[in-house]
Amino acid sequence: EPEVTQTPSHQVTQMGQEVILRCVPISNHLYFYWYRQILGQKVEFLVSFYNNEISEKSEIFDDQFSVERPDGSNFTLKIRSTKLEDSAMYFCASYKRTSRENEQFFGPGTRLTVL
Amino acid sequence: DQQVKQNSPSLSVQEGRISILNCDYTNSMFDYFLWYKKYPAEGPTFLISISSIKDKNEDGRFTVFLNKSAKHLSLHIVPSQPGDSAVYFCAASGVGGSYIPTFGRGTSLIVHP
Chain G
1 EPEVTQTPSH QVTQMGQEVI LRCVPISNHL YFYWYRQILG QKVEFLVSFY
51 NNEISEKSEI FDDQFSVERP DGSNFTLKIR STKLEDSAMY FCASYKRTSR
101 ENEQFFGPGT RLTVL
Chain P
1 DQQVKQNSPS LSVQEGRISI LNCDYTNSMF DYFLWYKKYP AEGPTFLISI
51 SSIKDKNEDG RFTVFLNKSA KHLSLHIVPS QPGDSAVYFC AASGVGGSYI
101 PTFGRGTSLI VHP
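As given, the protein sequences belong to chains G and P, one line each in that order. Our numbering applies: residue 1 is where the first sequence begins, and numbers increase by one. Our numbering applies: residue 1 is where the second sequence begins, and numbers increase by one.
These are calculated hints, taken from the structure and not from any lab test. Worth double-checking, as some hints may not be accurate.
Think about it this way: if two alpha-carbon atoms lie no more than 30 Å apart in a straight line, the pair counts; the simulated DSSO-like pairs of lysine-lysine are [stated by the list, open to error]:
id	chain 1	residue 1	chain 2	residue 2
1	P	5	G	42
2	P	56	G	96
3	G	78	P	56
4	P	68	G	57
5	P	56	G	42
6	P	54	P	68
7	G	96	P	54
8	P	71	G	96
9	G	83	P	56
10	G	96	P	68
11	G	42	G	96
Please work from the sequences and hints to get the whole structure.
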């Protein structure tokens, strides 16, 4: 069964450093998403991406965040200058969206630890 | 601002019994509701959904009930199995036509053998 993959599974970085989280969505999906979950809190929407541009973004997704689909398979989230509060699980998801009943498929997540 | 609330952080149930997970929402514009299951070290996995035009949707051992007047939905698992032990997230979407789900904080279900 096709699945969303994410790399790395765990990323440790120093505050102020740039990180790039990588995702390979399901190949025939058209919509791509990033979510994050701070430990013990809810899953929060960051951004959605369709047709090579951002379609929706939350208040969390400020200027230090950016997304890119550099080729036909990868979808990346860049955090330009990490802060301690960016430590969280980051989930990528993809969505076919041919009907409302199609659900989002989530990747296993990348645990980002900012020291 | 918690638009989707799961007030029970955890639930413990005996194998074979019914598990009932509850969820409340505040925004009456939500028109589609989903339950996701999450195992440790994995991403959330879609479980079952319901549209606001229905009040019940059943899929095998899983049934979701929606009470729009009370802005409440519940997930019933019958019979519960140890493999159902996971965190269950309630989510809702539809505000402004958006498909982006708003998640609750999750309920950790433990099913004892």
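Against the structure, the hints come out as follows:
no.: 1; hint: 5/P to 42/G; result: holds, 10 Å
no.: 2; hint: 56/P to 96/G; result: holds, 25 Å
no.: 3; hint: 78/G to 56/P; result: violated, 41 Å
no.: 4; hint: 68/P to 57/G; result: holds, 28 Å
no.: 5; hint: 56/P to 42/G; result: holds, 25 Å
no.: 6; hint: 54/P to 68/P; result: holds, 9 Å
no.: 7; hint: 96/G to 54/P; result: holds, 23 Å
no.: 8; hint: 71/P to 96/G; result: holds, 28 Å
no.: 9; hint: 83/G to 56/P; result: violated, 44 Å
no.: 10; hint: 96/G to 68/P; result: holds, 28 Å
no.: 11; hint: 42/G to 96/G; result: holds, 24 Å
Comparing the model with each earlier hint shows violations of hints 3 and 9; every other hint is respected.
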